[in-house]
Amino acid sequence: MLQIRPAIGGDAALLCTMIRELAEFERELDLVTITEQDLVRDGFGEHPQFRALIAEWDGQPAGYTFFFRYYSTWTDQGLFLEDIYVRDAFRGRGIGQALLAAVARIAVEENCYGIHWEVLNWNERAIEWYKALGAEFRDQWRPVLLHGEALERLAKKAL
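Residue numbers for the sequence shown follow my numbering, so the first one is 2 and each next one is one higher.
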């Protein structure tokens with residue numbers, strides 16, 4: 002039986018493990034630097050920077066979703082879905098859709114105009130699933146990331 006619940010601080014180790022599992026699936030495990038302590042501090046402290054839901058199947062951790070609020074100057078507030086992940090052993094049971102539906106319910110209840118997320122261009126299975134749900138692909142918009150030395154260089158130019 003499926004149960005979806007909000008993550009709590011005591012779930013930080015589990016979240017850290019599943020984040021690493023997702024990163025391994027996405028072939029980018031070497032980029033993960035997040036720690037349990039980071040998750041506790043940033044998600045379950047006085048000013049949470051994210052929310053997470055955990056899916057359990059018959060009491061076993063089956064997956065998670067990780068999201069946070071953002072603000073669009075064009076359309077008001079929205080949610081950004083950072084991760085949605087279902088462990089291999091639990092795939093094909095509707096858990097991913099249930100997790101995404103739970104985030105959609107939160108978005109509707111909180112008057113968000115929508116949910117944004119990204120998908121790797123090689124993950125055809127996910128792309129087809131998102132299309133089937135009615136998600137729009139905004140190919141004219143390109144994700145941008147400034148980090149590391151480039152971020153440091155630009156920060157030094159601030160007045």
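Watch out, some of these pointers could steer you wrong.
What the hints assert, rightly or not - Dumping the calculated SDA-like pairs for lysine to any residue here, alpha-carbon to alpha-carbon at most 20 Å: (1) LYS132 / PHE81; (2) LYS157 / ARG143; (3) LYS132 / HIS148; (4) LYS132 / ARG70; (5) LYS132 / LYS157; (6) LYS158 / LEU147; (7) LYS132 / LEU147; (8) LYS132 / GLY93; (9) LYS132 / ARG143; (10) LYS132 / ALA103; (11) LYS157 / TRP142; (12) LYS158 / LEU146; (13) LYS132 / LEU146; (14) LYS158 / ARG143; (15) LYS132 / LYS158; (16) LYS132 / GLY97.
Claimed, not checked - Computed spacing ranges between beta-carbons, pair by pair: (17) ARG70 / ILE35: 25 to 33 Å; (18) ASP59 / GLU150: 46 to 54 Å; (19) TYR131 / LEU3: 19 to 27 Å; (20) VAL109 / GLU150: 23 to 31 Å; (21) ALA159 / ARG106: 37 to 45 Å; (22) GLU111 / ILE9: 32 to 40 Å; (23) ALA156 / GLN4: 27 to 35 Å; (24) GLU111 / LEU3: 38 to 46 Å; (25) LEU147 / LEU3: 36 to 44 Å; (26) LYS132 / GLY11: 18 to 26 Å; (27) PRO144 / GLU22: 20 to 28 Å.
Honestly, the hints are just simulated from the structure, not real lab data.
The C-beta atom is built at its ideal place from N, Cα and C for all residues, glycine as well.
> Does the alpha-carbon distance linking LYS132 and LEU146 stay inside the 20 Å limit?
Replying inline: 25 Å, violated
> Has the given pair, LYS132 with LEU147, been kept, meaning a C-alpha gap of at most 20 Å?
Replying inline: 29 Å, violated
> Is the straight-line distance between the alpha-carbon of LYS132 and that of HIS148 20 Å or less?
Replying inline: 31 Å, violated
> Does GLY93 lie within 20 Å of LYS132 when you go C-alpha to C-alpha?
Replying inline: Answer holds: LYS132 to GLY93 is near 17 Å, not above 20 Å.
>> Quick check: does the Cβ-Cβ distance between LEU147 and LEU3 fall within 36 to 44 Å?
In response: 39 Å, holds
> Under the criterion that the straight-line Cα-Cα distance not exceed 20 Å, is the pair LYS132, LYS158 satisfied?
Replying inline: 42 Å, violated
> Does LYS132 pair with GLY97 here, judged by a C-alpha cut-off of 20 Å?
Replying inline: 14 Å, holds
> Is LYS132 close enough to LYS157, meaning Cα to Cα at most 20 Å?
Replying inline: Roughly 42 Å separates the two Cα atoms, so the pair is violated.
> Does the Cβ pair VAL109, GLU150 satisfy 23 to 31 Å?
Replying inline: 41 Å, violated
> Between ALA159 and ARG106, does the C-beta distance stay in 37 to 45 Å?
Replying inline: 40 Å, holds
>> Check the hint pairing LYS132 with ARG143 against an upper bound of 20 Å on the C-alpha distance.
In response: Distance ~18 Å between LYS132 and ARG143 Cα, so the pair holds.
>> Just to be sure I understand the hint, the distance between the Cβ atoms of ARG70 and ILE35 should be within 25 to 33 Å; is that true here?
In response: 19 Å, violated
The structure is inconsistent with the numbered hints 2, 3, 4, 5, 7, 11, 13, 14, 15, 17, 20, 22, 23, 24 and 26, although it conforms to all the rest.
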